[in-house]
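As you go down the protein sequences, you meet chains D and P in turn.
According to the working numbering, the first sequence is numbered sequentially starting from 1.
According to the working numbering, the second sequence is numbered sequentially starting from 1.
The set of hints was computed from the structure by calculation and includes no laboratory data.
Just so you know, these numbers come straight off a predicted model, no measurement behind them.
The C-beta atom is built at its ideal place from N, Cα and C for all residues, glycine as well.
One or more hints might be untrue.
Pair ranges (Cβ atoms, derived) [what the hints assert, rightly or not]:
no., chain 1, residue 1, chain 2, residue 2, range
1, P, T128, D, Y86, 33 to 41 Å
2, D, L51, P, K85, 27 to 35 Å
3, P, A101, D, V62, 33 to 41 Å
Covered stretches of chain D (chain P as the covering partner; in silico rule of three or more C-beta atoms under 8 Å from a C-beta of chain P) [unchecked claim]:
no., region
4, 4 to 13
5, 74 to 80
6, 153 to 160
7, 220 to 233
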Amino acid sequence: MQWLEEHWLLVLPMVLGTFAVARLMPKGEPRSSLVARLVGLAAIGIVGGTLLQPTGAALNDVLFFLFAGVAVLAAILMITHRNPAYSALWFAVVTLAVCGLFLLQSAPFLASATVIVYAGAIIVTFLFVLMLAQQAGTTNYDQNSRQPGVATFTGFVLLGALLFVLLPSKEQATTGPVTGFVSLAPKVILAAQSPPDQSSTPQSTSATTAENFGTMRGLGRSLFGDYLFAVELAGTLLLVASIGAIVIAPKRSSGKL
Amino acid sequence: MVVLTNYLIVGSILFVLGAIGFLTRRNLITLMLSAEMMLHGVSLNLVAFSNFHQNMQGQAFTAFILTVAACEAGIALALILTLYKRSKSLDVNLWSQLGEADIESPHEEEPAVPTAQPAQVFPQLTPTGRSPQFQKETANRV
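Next up, chain D with everything else stripped away, as it sits in the complex:
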């Protein structure tokens, strides 16, 4: 009971979110889901208002909450929509919002690359396959999800556990140095606690130091310097995957789709 009193701010949005997502999942006849939508919005609001903490920089905060809210809302709409074409479009919205978050984390190249690869290529290909393979009208399997209650409950238990680990507890916040899974202490404390040991990260060369951080030059030096063999392997993987896709895809000679 005492644990519940301490962590009700974490448990409450999980319960509300479970109810909302499980209720919004397609099951049988379309039904009005105004209550579920309101409950879901309340869960997002509780998480955004209490668990996320503003940094103080106004512009950063506004952009972060905008992008994060859009990403989570579009994600819920994506997994609960009855029409897969709309799901694909909501996924594009999720991708754009995540790219905004990338920009805020000083990864401009990754943001643009993700827009090009996901929103530009993958979504369009998915929509093409939908046009090829989707039957006319609504289908039975789109209207009935598979055990939505159990799956949603499991997912939100996982989310609750993740958030419980991520959020610093009260004792840690008051008594200083943080240990455990992620040391969430600011860099100053970390540096004072243990002097930075350069040899502990053998991968990082001089090109990937702080002054090159966030630039394309830094990313290029890192990719083609530290990870050169991995880049070669990734190129080979792309080649193999494209050949495999050509082999697997149905041939025109073997009949129409």
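Using the hints, position chain P against chain D.
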């Protein structure tokens, strides 16, 4: 500090929502989209850690995630087309015979939903006043 936690929370929410979508939805394409959304959550985590540690390793890993996601999407779409050619449906439940034969299928029987689209209802203007009767008058005049 706070910034890192915020981004990790958003990343884990995206990951879990993708996992829920992957577990519940039955359309093969929606399954693939949910898997891609789980990848988004992971890349967000990596980029946040990259910014936290001020080095490029997380971003380099995210670039590799992009590569693998592109490969995965290409092969998965080819597989989906092949499966569709065999079964004329995108339902993933049709491909559940890969399990053990003596374990019963976990799928419950669902009520059949009418496959036709619900008839679209267009708005209609309500007629105002009585309709004018010109026909008789003109006929009489002539």
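Outcome of the hint check:
1. T128/P with Y86/D: 33 to 41 Å: holds, 38 Å
2. L51/D with K85/P: 27 to 35 Å: Given about 47 Å between the Cβ atoms, the range is violated.
3. A101/P with V62/D: 33 to 41 Å: violated, 57 Å
4. 4 to 13: With 0 residues in contact (Cβ-Cβ under 8 Å with chain P), the coverage given for the region 4 to 13 of chain D is violated.
5. 74 to 80: holds (count 4)
6. 153 to 160: holds (count 5)
7. 220 to 233: holds (count 6)
In this structure, the hints that do not hold are numbers 2, 3 and 4, in rising order.
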